[in-house]
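Could you put the whole structure together from the sequences, leaning on the hints where they help?
Here is what each chain is made of, one letter per residue.
There are 2 protein chains.
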Amino acid sequence: MSSIYWQEDIETLPRPQLAELQLKKLRESITRALRSPFYGKLYRELNISAESIKTYDDVRKLPITTKDDLRACYPFELLTCPKDNIIRMHCTSGTTGNPAAVLYSRHDLDSWANLMARSMFATGARPADVFQNMSGYGLFTGGLGFQYGAERLGCLTIPAAAGNSRRQIKLMQDFGTTIAHSIPSYLGRLHAVFLENGLDPIRDTKLERLFIGAEPHSEETRLRIQEMFGAKAYNSFGMTEMNGPGVAFECSYQNGMHLWEDCYLLEIVNPDTLEPVPDGEIGEMILTTLDREAMPIIRYRTRDLTCIIPDECPCGRTSRRIDRIKGRSDDMFIIKGCNVFPIQIERVLMRIREIGSDYLIVLDRNDEGDTLTVQAELKSESFTDDYKQLDALRRRIANDLRDEILVTPAIQLVGPGELPKNEGKAVRVKDLRA
Amino acid sequence: MSSIYWQEDIETLPRPQLAELQLKKLRESITRALRSPFYGKLYRELNISAESIKTYDDVRKLPITTKDDLRACYPFELLTCPKDNIIRMHCTSGTTGNPAAVLYSRHDLDSWANLMARSMFATGARPADVFQNMSGYGLFTGGLGFQYGAERLGCLTIPAAAGNSRRQIKLMQDFGTTIAHSIPSYLGRLHAVFLENGLDPIRDTKLERLFIGAEPHSEETRLRIQEMFGAKAYNSFGMTEMNGPGVAFECSYQNGMHLWEDCYLLEIVNPDTLEPVPDGEIGEMILTTLDREAMPIIRYRTRDLTCIIPDECPCGRTSRRIDRIKGRSDDMFIIKGCNVFPIQIERVLMRIREIGSDYLIVLDRNDEGDTLTVQAELKSESFTDDYKQLDALRRRIANDLRDEILVTPAIQLVGPGELPKNEGKAVRVKDLRA
Numbered sequence: 001m002s003s004i005y006w007q008e009d010i011e012t013l014p015r016p017q018l019a020e021l022q023l024k025k026l027r028e029s030i031t032r033a034l035r036s037p038f039y040g041k042l043y044r045e046l047n048i049s050a051e052s053i054k055t056y057d058d059v060r061k062l063p064i065t066t067k068d069d070l071r072a073c074y075p076f077e078l079l080t081c082p083k084d085n086i087i088r089m090h091c092t093s094g095t096t097g098n099p100a101a102v103l104y105s106r107h108d109l110d111s112w113a114n115l116m117a118r119s120m121f122a123t124g125a126r127p128a129d130v131f132q133n134m135s136g137y138g139l140f141t142g143g144l145g146f147q148y149g150a151e152r153l154g155c156l157t158i159p160a161a162a163g164n165s166r167r168q169i170k171l172m173q174d175f176g177t178t179i180a181h182s183i184p185s186y187l188g189r190l191h192a193v194f195l196e197n198g199l200d201p202i203r204d205t206k207l208e209r210l211f212i213g214a215e216p217h218s219e220e221t222r223l224r225i226q227e228m229f230g231a232k233a234y235n236s237f238g239m240t241e242m243n244g245p246g247v248a249f250e251c252s253y254q255n256g257m258h259l260w261e262d263c264y265l266l267e268i269v270n271p272d273t274l275e276p277v278p279d280g281e282i283g284e285m286i287l288t289t290l291d292r293e294a295m296p297i298i299r300y301r302t303r304d305l306t307c308i309i310p311d312e313c314p315c316g317r318t319s320r321r322i323d324r325i326k327g328r329s330d331d332m333f334i335i336k337g338c339n340v341f342p343i344q345i346e347r348v349l350m351r352i353r354e355i356g357s358d359y360l361i362v363l364d365r366n367d368e369g370d371t372l373t374v375q376a377e378l379k380s381e382s383f384t385d386d387y388k389q390l391d392a393l394r395r396r397i398a399n400d401l402r403d404e405i406l407v408t409p410a411i412q413l414v415g416p417g418e419l420p421k422n423e424g425k426a427v428r429v430k431d432l433r434a
Numbered sequence: 001m002s003s004i005y006w007q008e009d010i011e012t013l014p015r016p017q018l019a020e021l022q023l024k025k026l027r028e029s030i031t032r033a034l035r036s037p038f039y040g041k042l043y044r045e046l047n048i049s050a051e052s053i054k055t056y057d058d059v060r061k062l063p064i065t066t067k068d069d070l071r072a073c074y075p076f077e078l079l080t081c082p083k084d085n086i087i088r089m090h091c092t093s094g095t096t097g098n099p100a101a102v103l104y105s106r107h108d109l110d111s112w113a114n115l116m117a118r119s120m121f122a123t124g125a126r127p128a129d130v131f132q133n134m135s136g137y138g139l140f141t142g143g144l145g146f147q148y149g150a151e152r153l154g155c156l157t158i159p160a161a162a163g164n165s166r167r168q169i170k171l172m173q174d175f176g177t178t179i180a181h182s183i184p185s186y187l188g189r190l191h192a193v194f195l196e197n198g199l200d201p202i203r204d205t206k207l208e209r210l211f212i213g214a215e216p217h218s219e220e221t222r223l224r225i226q227e228m229f230g231a232k233a234y235n236s237f238g239m240t241e242m243n244g245p246g247v248a249f250e251c252s253y254q255n256g257m258h259l260w261e262d263c264y265l266l267e268i269v270n271p272d273t274l275e276p277v278p279d280g281e282i283g284e285m286i287l288t289t290l291d292r293e294a295m296p297i298i299r300y301r302t303r304d305l306t307c308i309i310p311d312e313c314p315c316g317r318t319s320r321r322i323d324r325i326k327g328r329s330d331d332m333f334i335i336k337g338c339n340v341f342p343i344q345i346e347r348v349l350m351r352i353r354e355i356g357s358d359y360l361i362v363l364d365r366n367d368e369g370d371t372l373t374v375q376a377e378l379k380s381e382s383f384t385d386d387y388k389q390l391d392a393l394r395r396r397i398a399n400d401l402r403d404e405i406l407v408t409p410a411i412q413l414v415g416p417g418e419l420p421k422n423e424g425k426a427v428r429v430k431d432l433r434a
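Residue numbers (full-length UniProt numbering), protein chains in the order written: chain A, 1 to 434; chain B, 1 to 434.
Worth double-checking, as some hints may not be accurate.
Claimed, not checked - With a cut-off of at most 30 Å between alpha-carbon atoms, the simulated BS3-like pairs for lysine-lysine come out as follows: (1) B:Lys-421 to A:Lys-83; (2) B:Lys-206 to A:Lys-170; (3) A:Lys-41 to B:Lys-170; (4) B:Lys-83 to A:Lys-170; (5) A:Lys-425 to B:Lys-67; (6) B:Lys-425 to A:Lys-421; (7) B:Lys-83 to A:Lys-67; (8) A:Lys-425 to B:Lys-83; (9) A:Lys-206 to B:Lys-67; (10) B:Lys-421 to A:Lys-421; (11) A:Lys-421 to B:Lys-170; (12) A:Lys-170 to B:Lys-170; (13) A:Lys-425 to B:Lys-206; (14) B:Lys-170 to A:Lys-430; (15) A:Lys-83 to B:Lys-170.
The hints are simulated quantities; they were obtained by calculation from the structure and are not laboratory data.
Put into structure tokens, the structure is as follows:
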């Protein structure tokens with residue numbers, strides 16, 4: 001177990017061989033996909049088969065699959081095997097209409113658990129670690145996904161599930177938790193509960209690593225989390241449609257997420273033209289499953305915006321890295337003619353010492369047109385009713401934001417804990433303009 | 001897969017060989033237990049070793065282990081192996097002080113998943129089934145326990161988790177769920193949501209089997225559940241201290257729960273004297289793990305009251321059956337000198353057509369001594385404000401209860417849904433006498 005790799009052969013496979021492997025697995029996936037009602041009809045109409053793929057560029061001949069396709073295929077239209085061969089279903093949380101459902105064979109769950117173990121191992125996690133999963137369980141893939149992966153790796157797993165911060169803290173202390181997984185927005189609240197109980201997570205826990213994902217967040221948020229917990233925070237990327245977590249994960253260098261290219265085919269395209277963008281340029285990620293038996297998904301529009309990090313990683317893994325998720329091609333909002341991503345606003349706020357971890361962007365309309373208001377919580381130690389001081393802070397934040405997004409927002413500062421809290425993923429934008 | 005057994009050899013092992021196997025595994029468990037700080041100290045003081053066990057009667061030489069022992073051993077004092085060898089922790093929900101924590105090696109999780117698969121298979125579940133787990137996940141063993149077992153068996157598993165009844169119903173319909181697992185008190189509420197949405201679970205689902213457990217419930221409750229859902233309801237017994245679910249389970253004959261004696265040693269004793277009671281007589285169950293590597297527990301006082309069903313089961317399994325849990329030796333309450341178990345009251349209530357599935361027993365005290373009040377919800381169709389009719393019903397219930405428990409309670413009838421609902425297990429007794 002002295003290697004830094006979980007599967008050295010595959011993780012360090014030279015890129016020409018990796019590309020060959022990908023094309024071989026893509027052809028197999030197309031053959032399998034043809035057995036599903038959805039791809040079967042579509043590909044026969046377009047005359048697509050495994051033979052259509054001879055070079056990497058041929059990938060672009062394949063049609064895009066969208067989330068609406070997945071919803072229309074609910075529950076079984078993407079299935080390539082008898083129902084008896086599937087042993088699990090997960091689905092997205094969609095509030096209206098059908099969700100997107102993913103069906104897993106035994107091979108698929110095994111492959112997923114292996115990728116999760118590989119991901120965690122790459123950060124430095126080892127069987128002696130104690131892993132506390134503060135993610136929701138059930139249909140949400142962050143629960144069972146991390147559970148199976150951490151067990152495969154051999155950690156002592158604590159399936160704490162979401163919420164109940166006092167119990168989370170007790171478990172961390174009693175079992176000597178060294179690694180925890182959480183959505184980033186929960187960690188600020190957890191830290192507050194530590195302080196309320198006279199505890200300091202740096203002094204009073206053995207936490208060394210945090211896995212954070214499922215919500216776009218800025219580098220500034222990561223740095224704050226690391227500072228609060230005295231632990232390294234590693235970015236994790238995944239989505240239910242692609243199994244769940246374990247699609248891409250940072251290694252110990254924390255310099256972008258290795259996307260496991262033996263199991264996923266990666267493209268970054270211009271969201272308008274769907275043409276590929278050069279490495280280093282931000283675009284929308286298109287992903288294809290290469291190792292999924294029951295339900296391959298080919299050229300899926302993730303709506304997630306990121307870029308390929310062009311240089312090689314010193315860790316020796318040959319899979320390319322993607323940068324943190326910059327937002328979603330469908331969560332961008334337009335205000336006074338400017339395209340703005342919520343993550344740009346977060347980045348500015350998190351650089352300001354006086355501001356806590358919760359904020360809310362409110363878009364509204366008045367007689368003069370659209371309005372942009374940023375509500376932000378002050379940290380306890382910065383809380384004051386000195387109007388002059390607060391006004392100076394407001395002006396400073398407004399200026400910093402204008403420099404970033406080219407629009408000057410109204411700033412509302414509120415006390416710690418005063419913004420509404422949600423169960424699950426944090427809501428960062430409220431658009432009242434409809 | 002034409003056999004009715006998951007593991008025919010072990011499930012039909014003749015009893016003399018089963019007893020030999022048990023003694024062999026008990027001796028191994030004692031040897032392992034000696035490596036833990038708790039049993040090591042205790043057994044050395046009492047001069048106990050594997051050699052102490054020569055016959056079945058020698059089991060009674062071993063000291064009892066209590067829940068307080070487990071709490072005092074939290075978190076690691078019962079562990080027999082290095083922490084690196086354990087890959088999961090579950091714990092009881094205890095409201096004050098430390099919970100009882102159970103630590104699992106890879107062997108232990110494997111053995112547990114196998115027992116769960118064996119249990120479900122015995123009811124008639126097969127790989128073609130669609131299994132919806134409506135249990136909470138996380139640290140509660142009903143989630144991951146059933147999940148791993150159903151995957152082992154090969155069902156399509158839907159990890160729906162607890163709550164969100166409308167989504168439960170949608171998933172049942174969309175995926176053609178044939179088996180669901182739930183605590184019994186939730187099923188009444190789920191049925192009400194079916195009706196509210198103009199649906200009938202018998203007509204509008206493919207449900208064939210329900211697994212019910214984790215709460216003591218009466219045969220009358222089971223019959224009502226079967227009638228509501230048009231599905232067979234199988235009793236399940238387990239507890240976190242003994243891994244979780246899968247300790248005992250009904251087979252297709254639904255005539256008591258086969259306790260998997262190759263993995264658990266069963267005793268039924270008088271709760272006061274701890275002397276064994278004859279088969280067929282109710283007593284407290286004492287259980288010993290026989291297949292647990294990381295954390296054997298020997299002669300655990302479960303506090304659960306049941307009896308051994310004396311005759312053989314027509315299914316051919318040789319493991320003895322226990323009757324449904326009759327209550328707990330510590331949830332019995334004494335009122336006007338009578339010992340009463342909540343389950344006795346439930347049994348009477350569930351025989352009365354006008355009464356719904358929720359009830360609450362309130363114990364209080366006034367100038368004249370202790371009072372017993374039973375609050376019960378009327379079914380929608382029985383709801384009325386005709387005082388004479390209600391009064392007659394109240395008198396009828398009070399008489400039936402007096403015949404059962406020898407005390408005449410006050411009866412309060414309330415409208416459907418008016419009693420407070422709890423997340424998780426239902427609260428059935430409120431004792432205000434302290």
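(message) Check whether the Cα positions of Lys-421 (chain B) and Lys-421 (chain A) lie no farther apart than 30 Å.
(response) 24 Å, holds
Given the hinted pair Lys-425 (chain A) and Lys-67 (chain B), is their alpha-carbon gap at most 30 Å? This hinted pair is violated, its Cα atoms lying about 38 Å apart.
| message | Check whether the Cα positions of Lys-83 (chain B) and Lys-170 (chain A) lie no farther apart than 30 Å. | response | 19 Å, holds
Would the hint linking Lys-425 (chain B) and Lys-421 (chain A) be met if the CA-CA limit is 30 Å? 27 Å, holds
Given the hint that Lys-421 (chain A) pairs with Lys-170 (chain B), does the C-alpha gap stay at or below 30 Å? 28 Å, holds
Checklist entry - Does Lys-206 (chain A) pair with Lys-67 (chain B) here, judged by a C-alpha cut-off of 30 Å? => result 29 Å, holds
- Message: Would the hint linking Lys-206 (chain B) and Lys-170 (chain A) be met if the CA-CA limit is 30 Å?
- Response: 43 Å, violated
- Query: Has the given pair, Lys-83 (chain B) with Lys-67 (chain A), been kept, meaning a C-alpha gap of at most 30 Å?
  - Reply: The given pair, whose Cα atoms are some 44 Å apart, is violated under the 30 Å limit.
Q) Do the alpha carbons of Lys-170 (chain B) and Lys-430 (chain A) lie within 30 Å of each other, as the hint requires? A) Answer holds: Lys-170 (chain B) to Lys-430 (chain A) is near 29 Å, not above 30 Å.
*Given the hint that Lys-425 (chain A) pairs with Lys-83 (chain B), does the C-alpha gap stay at or below 30 Å?*
Roughly 33 Å separates the two Cα atoms, so the pair is violated.
**OP:** Assess, step by step, whether the Cα of Lys-83 (chain A) is no farther than 30 Å from the Cα of Lys-170 (chain B), and give holds or violated.
**Re:** 19 Å, holds
Subject >> Pair hint outcome, Lys-425 (chain A) versus Lys-206 (chain B) [Cα-Cα no greater than 30 Å] >> reply: Violated: Lys-425 (chain A) and Lys-206 (chain B) sit about 34 Å apart, past 30 Å.
Checked against the numbered hints listed earlier, the structure breaks hints 1, 2, 5, 7, 8, 12 and 13; every other hint is satisfied.
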